[in-house]
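Asks: Now for the letters of each chain:
Protein chains: 2
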Amino acid sequence: MPLNFASRLDKVETSAIRELFKLLGKPGIISFAGGFPDSAMFDVEGLRQASQQALAEQPGAALQYGATEGFEPLRTELAAFMRSKGVEGIDPTGLIVTTGSQQALDLLGKTLVDPGDKVIVEGPTFLATIQCFRLYGAEVISAPVDGEGVQVDRLEQLIEQHRPKFIYLIPTFGNPSGALLSLERRRRVLELAVKHQVLVVEDDPYGDLYFGEAPPPSLLALSAQVPGSREWIAYCGSLSKVLSPGLRVGWLVGVPELLARATMCKQFSDAHTSTFAQATAAEYLRAGRMPATLARVRQVYAERAAAMGSALRRELGEAISFTQPQGGLFFWARLTGAGGKAADGAAFARRAIEEGVAFVPGAPFFATDPDKASLRLSFATADVEKIEDGVRRLARALG
Amino acid sequence: MPLNFASRLDKVETSAIRELFKLLGKPGIISFAGGFPDSAMFDVEGLRQASQQALAEQPGAALQYGATEGFEPLRTELAAFMRSKGVEGIDPTGLIVTTGSQQALDLLGKTLVDPGDKVIVEGPTFLATIQCFRLYGAEVISAPVDGEGVQVDRLEQLIEQHRPKFIYLIPTFGNPSGALLSLERRRRVLELAVKHQVLVVEDDPYGDLYFGEAPPPSLLALSAQVPGSREWIAYCGSLSKVLSPGLRVGWLVGVPELLARATMCKQFSDAHTSTFAQATAAEYLRAGRMPATLARVRQVYAERAAAMGSALRRELGEAISFTQPQGGLFFWARLTGAGGKAADGAAFARRAIEEGVAFVPGAPFFATDPDKASLRLSFATADVEKIEDGVRRLARALG
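First to last, the sequence lines map onto chains A and B. Every position in the first sequence, counted from 1, becomes a number in our numbering once 978 is added. Every position in the second sequence, counted from 1, becomes a number in our numbering once 978 is added.
Worth flagging that the hints you see were computed from the coordinates, not collected in a lab. For glycine and all other residues, C-beta sits at the position ideal for the given N, C-alpha and C.
Chain A is faced by these chain B residues, among others (derived, beta-carbon under 8 angstroms): (1) Phe983; (2) Leu1025; (3) Gln1042; (4) Gln1081; (5) Asp1092; (6) Cys1110; (7) Leu1113; (8) Ser1222; (9) Glu1235; (10) Ala1249; (11) Ala1255.
Between the sequences and the hints, there should be enough to build the whole structure, so can you do that?
Replies: Right, here's the structure in full:
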């Protein structure tokens, strides 16, 4: 007799993207498919020293059970990091450490979502978010995004129509849209939160990866300028894209009652995040290496993004449309069908694999109303030469 | 307006034990309250070398995103570790790595429990298990335990009465009972699993911490001898009690369809367990240091357990009854009320704090029908002298 699994599993499916990733083992393939940073850019020496320091200074603490809320020295460093990014009045008790920001999303789902609750996300948005919230019974609704991020008028209509439990946004260089929510729209989002008394979850793993001038303040930072809005913001931070995903260190900022509930749930999810990883991250931040690391990462990704934009315009021309990203890891593009070329992202992805280049079709990133002509291209893990070669392969695949 | 939290949170409460722990900061207190290993016994040098090796050999992999199922070299080492403990026919694909065994429990809850499902646990059992399963809507039922572990006749009655989704047992030196399920009862549990087609979850964080001869095989290992039983066992392992809780490395063994579902859920819980911690654990196991570490830990805990047993008999005499544990971290004891002494564990715990010694009353460890005369004493983190001093304080508190 087979095991009888919980009915919540019926709400999720193995992702189409996961299936695609199985094809990436093909030799010689150039991948624009990943959603991860380039491991060649990890500050291995800095992390080596930090982990050594953690074990030398407080081996007992670094290897023992720790507080569910997080390792105190790391909470202190993260609060300072947030202050350095313009968040006023945050102290170590204003955040809890999570096992990657994915766990922050899971804890928000566990803490807030009753089956049947509505959650508004961007269309497109991060796939694992949609699935994560669905596992808790959420009905996930998409608000449309353009080159300036989520369309706030449409967002307000959806809030009024659906009375969501919360709104989930990646306002800064979002995955997969790469879009940067404008300062004006950021204010509007905060005003909507206050007006409709609705929680806004700001997921911000990419905000530090800007290429030119710094982006507008995070919703959390900006909330100081919109009276009453701070209490309606929950913020998810992560070291994964800027330092190392393998540490699995993220954090959640929110009002005390939300953090208390999330901490209780975390106690039964994984007790606490690896203290060894937390102590390593704390030592790394304390050593002051982050600014130089960020500067280096920004420069390399900026070069790659510029190279990909030029190559796409040169090689694919009218057949593709996109907004040049100002940060993050992704190009979000649409096949225009111009000149009778392909206009279906999934079919194009299959032909591209045959030509030796991989990317992810865009449709799965939509909770509702998929745009089948869309696609996501990551420039993070290929160097400039590979990017140019890969885009030429894309052009061949397009025919 | 306050946030509107999910109704599943109504099913859990901040634990009474957590409140007690706040009192432990009192200067000079001797604590038998913890549920953790002694950090003075961590093999810091071995873990330092292992973490260095991980960063030297494969920094990219150790710091990058990893497979949700676990870091391949660690799965290989853990499969070998399980084979060394008598589990036949297990290969790296037969287990997934979890963020501590707490996450294995969470994934089992997420994967299997629909609201209203029944789960049978031992009375008493690990508190965080009860709360973890309740968060997924489980009704948790206690099966009574004696000095030889869960009472199997009573367990069968409860299975027939409640048709549980699964049974959760800590058969080897369980928390808090310290009990060792006898070989005969282990066979009976496996036969019950087959007869009633019910999943048995074996949580085994303490099995390697035996003081004299090795305990009977785990249910998982023994399942080879009971036809058809292997598919009804899910096994949770952990490095927390034997190596380091701070790594947060646990694992889950089960049939492929269960592991596939748990992996899908884990993808949305924390993506994967820290690859840095996993790579460190893999290098540690590969270096062959575990046998010597286990031998050392067993010896120290055996001395402490012997000292605590002698002291309890000497100082508290007839006022307390217990079975001398043959492994693990805990004494589980009952106040007898003999000589008009205290018979309430919670009241005794409060008086003990005043005398400068802490332990955990037993009642909260029962999902149903609490035994208010019970208490849990950990001998893990105090040396022999402190144990003897602490037990004298207990005697004073008893009056």
